[in-house]
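Start from the sequences and build out the full structure, keeping to the hints where you can.
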Amino acid sequence: MTDQTNDRSLEKYRRMLRIRHFEDKAEAIHAQGEIPGALHTYAGQEASGVGACMALGESDYMVGTHRSHGHPIAKGAKLRPLMAELLGKATGICKGKGGSMHLSDFSVGSLGETSIVGSGVPVATGAALGSKLKGDGRVALCFFGDGATGEGAFHEGLNLAAVWKLPAVFVCENNGYAVSTPARTHVPVKTLADRAKGYDMPAIIVDGQDVDAVEAAIAQAVERARTGGGPTFVETKTYRYADHAVNMGRILLDRGEEVGEWRKRDPITLYRARLLEQGVSAETLDAIEREAADEVEDALRFARESPLPEQAEAFDDVFTAAVPIPDYLADA
Amino acid sequence: MAKVTYLEAIRQAQMEEMQRDDRVFIMGEDIVCNVFGTTTGFVEAFGLERVRDTPISENGIVGAGAGAAMVGMRPIVDVTLSSFLYPAMDQIVSIVAKSRYIYGGQAKLPLVIRSCLFYGNANAAQHSDRPYSMFMNMPGLKIVAPATAYDMKGLMKAAIRDDNPVMMFEDGTCWSSKDEVPDDPDFIIPLGRGDIKREGTDVTVVAVAGGVPVALKAAKQLAKEGISLEVIDPRCLMPLDRELILRSVRKTGRAITVDPAHQTCSAGSEIAATIAEHAFDALRGPVLRVCTADTHIPFSPTIEKALFPTVDRIAAAARRLVGIEQPAAA
Ligand SMILES: Cc1ncc(C[n+]2csc(CCOP(=O)(O)OP(=O)(O)O)c2C)c(N)n1
Ligand SMILES: [Mg+2]
Numbered sequence: 053m054t055d056q057t058n059d060r061s062l063e064k065y066r067r068m069l070r071i072r073h074f075e076d077k078a079e080a081i082h083a084q085g086e087i088p089g090a091l092h093t094y095a096g097q098e099a100s101g102v103g104a105c106m107a108l109g110e111s112d113y114m115v116g117t118h119r120s121h122g123h124p125i126a127k128g129a130k131l132r133p134l135m136a137e138l139l140g141k142a143t144g145i146c147k148g149k150g151g152s153m154h155l156s157d158f159s160v161g162s163l164g165e166t167s168i169v170g171s172g173v174p175v176a177t178g179a180a181l182g183s184k185l186k187g188d189g190r191v192a193l194c195f196f197g198d199g200a201t202g203e204g205a206f207h208e209g210l211n212l213a214a215v216w217k218l219p220a221v222f223v224c225e226n227n228g229y230a231v232s233t234p235a236r237t238h239v240p241v242k243t244l245a246d247r248a249k250g251y252d253m254p255a256i257i258v259d260g261q262d263v264d265a266v267e268a269a270i271a272q273a274v275e276r277a278r279t280g281g282g283p284t285f286v287e288t289k290t291y292r293y294a295d296h297a298v299n300m301g302r303i304l305l306d307r308g309e310e311v312g313e314w315r316k317r318d319p320i321t322l323y324r325a326r327l328l329e330q331g332v333s334a335e336t337l338d339a340i341e342r343e344a345a346d347e348v349e350d351a352l353r354f355a356r357e358s359p360l361p362e363q364a365e366a367f368d369d370v371f372t373a374a375v376p377i378p379d380y381l382a383d384a
Numbered sequence: 002m003a004k005v006t007y008l009e010a011i012r013q014a015q016m017e018e019m020q021r022d023d024r025v026f027i028m029g030e031d032i033v034c035n036v037f038g039t040t041t042g043f044v045e046a047f048g049l050e051r052v053r054d055t056p057i058s059e060n061g062i063v064g065a066g067a068g069a070a071m072v073g074m075r076p077i078v079d080v081t082l083s084s085f086l087y088p089a090m091d092q093i094v095s096i097v098a099k100s101r102y103i104y105g106g107q108a109k110l111p112l113v114i115r116s117c118l119f120y121g122n123a124n125a126a127q128h129s130d131r132p133y134s135m136f137m138n139m140p141g142l143k144i145v146a147p148a149t150a151y152d153m154k155g156l157m158k159a160a161i162r163d164d165n166p167v168m169m170f171e172d173g174t175c176w177s178s179k180d181e182v183p184d185d186p187d188f189i190i191p192l193g194r195g196d197i198k199r200e201g202t203d204v205t206v207v208a209v210a211g212g213v214p215v216a217l218k219a220a221k222q223l224a225k226e227g228i229s230l231e232v233i234d235p236r237c238l239m240p241l242d243r244e245l246i247l248r249s250v251r252k253t254g255r256a257i258t259v260d261p262a263h264q265t266c267s268a269g270s271e272i273a274a275t276i277a278e279h280a281f282d283a284l285r286g287p288v289l290r291v292c293t294a295d296t297h298i299p300f301s302p303t304i305e306k307a308l309f310p311t312v313d314r315i316a317a318a319a320r321r322l323v324g325i326e327q328p329a330a331a
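Protein sequences, first through last, are from chains E and U. Per our numbering, the first sequence starts with residue 53, numbered consecutively. Per our numbering, the second sequence starts with residue 2, numbered consecutively.
Simulated from the structure, these hints should not be mistaken for laboratory data. Ideal Cβ positions, reconstructed from N, Cα and C, are used throughout, including at glycine. Fair warning: there could be bad hints in the mix.
[Stated by the list, open to error] Covered, in the sense of this in silico footprint (three residues per stretch, anywhere, with C-beta under 8 Å from a C-beta of chain E), are these stretches of chain U: (1) 25 to 39; (2) 53 to 63; (3) 82 to 95; (4) 118 to 126; (5) 290 to 296; (6) 300 to 310.
This is the structure:
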């Protein structure tokens, strides 16, 4: 293994661990009420996000979903503004306006983590259209779930990208469920990748627990996009460990033994084993894990010490220019 | 009569109407799993044909509801959160609201579209909408937004029995409020009739949905200061019980509207305009609106809460009005 591929491999390992530690911490402090609102965690799906983002260039675009924490971390975002956002702080990546469902960091190429299911697909299509018109060679990648493929916006977005041969990659993170509804009951096709057939779009099905396999599949799609071959649909077969959202006071769907079966194919454990096999030392991997855990602690410390937004900030960013603040809130 | 929650009132209303009429069926996302508790026991009672889990396809299920209604079924489509009505806007506006009219009365659409007003709980702008007033701008849709369990049950049953499309808005801030609710299977509150929630003499407060309990709290507080509020809940926004509202304003000479929707073009604005247009002669001051500020709903709870109508804002508006003592115009 050359140093460079080694760096790359370790980076994949690092990003997956950042996500896992971030999610574990978020779930724990959400349970204590430190994070308000709903929290949808990405634990279990790390290889899907990281494999996909590692195949993108830094300036490539990305759009995601309500399950929003993993995508920016996978694309290399800093943890402090993400954690601060979860706590609703002014230093959050969205200044406390977006919260858990919207951890979108535009500095790493994100164009939104949108919580209206399916709504991100046309946005990615549009970003790809922009790239094509500008001729800047950028690719737009869209993450969405199995459930999102029931939405009209998904189909319209795919159709547009296909007829215009846009540089887009559509990544269906198939975790088997939409809230409590199993994919086999909300999707008529045998496998999600079959959705692409109606758009004559090439599709790849990949083991979403294997970060290298995901990276390779997406790399192929990105290559096609960059060379004018149009969009590709990639289905990553993956799993979320938690219920649809965490700490709801009730489990919406008891998936029984299945969770344990998937945990046996934990993406981080699998990758660690592969790296060890490839000759990376356990000490190196342990050090990376410690660093990831420390980064999460540091992000949390930063978030906790950060100020809350002022009331007047509720009126910022409706437009580029300020909007009037009603009298009753002016000096709140 | 038993004391039940607002959510339980929804469940009972649907249950009774599904028992009464087998053309009634319900469909929506994760309805079998019964996320909020409004379909507890439905699968056991009616089976999976009449209690249908759907893909995440709001436009599809609302439109399918319209089609099924046209052929004689009486669907209840549960869109869960009202923010998810937007993907269905196409079918709601172009098909549901307009089909009867376009086809010269040939189409009949006994369809109920349910959704929850889910706000004030740190779920940010895409999940915190209160969009009933947008639909008031569209003829052909009956719009109901109850604030109590009693009203919810009677109005939901009326909505299911109505031969027109009805949008039921269920205010999440009222979910756990409890009320005595009749068991009579024919308990119905006719659509279009408002209710006086508290009688008073100084100021009429017309409050919508979750604005009603806030207005009642303000009324209680102001009573101690010797200011008497009359709190009116229209319950239905379309059709709107104008007579009840105008009668009250003629009595008090002062009016405030309270509405959790954004102020511009809110239900509260429409009601204020109606008062100004039809009871101008009785008014002793301006009609004041206590609505949600015209900005999006932010995630951070520290800056979210104060955007919605509060007891303090209603109280301040009432004090301002009773302070303005101008003789009524002749
Ligand atoms: C338009 C719309 N409808 C419904 C919802 C409620 N909702 C949030 S996530 C979700 C399930 C999404 O499933 P999937 O696309 O598979 O993503 P996953 O949660 O599995 O990551 C639903 C129904 C929503 N946010 N937006
Ligand atoms: Mg899913």
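Tested hints:
no.: 1; hint: 25 to 39; result: holds (count 5)
no.: 2; hint: 53 to 63; result: holds (count 8)
no.: 3; hint: 82 to 95; result: holds (count 4)
no.: 4; hint: 118 to 126; result: holds (count 5)
no.: 5; hint: 290 to 296; result: holds (count 3)
no.: 6; hint: 300 to 310; result: holds (count 8)
This entry satisfies every hint, going by the numbered hints stated previously.
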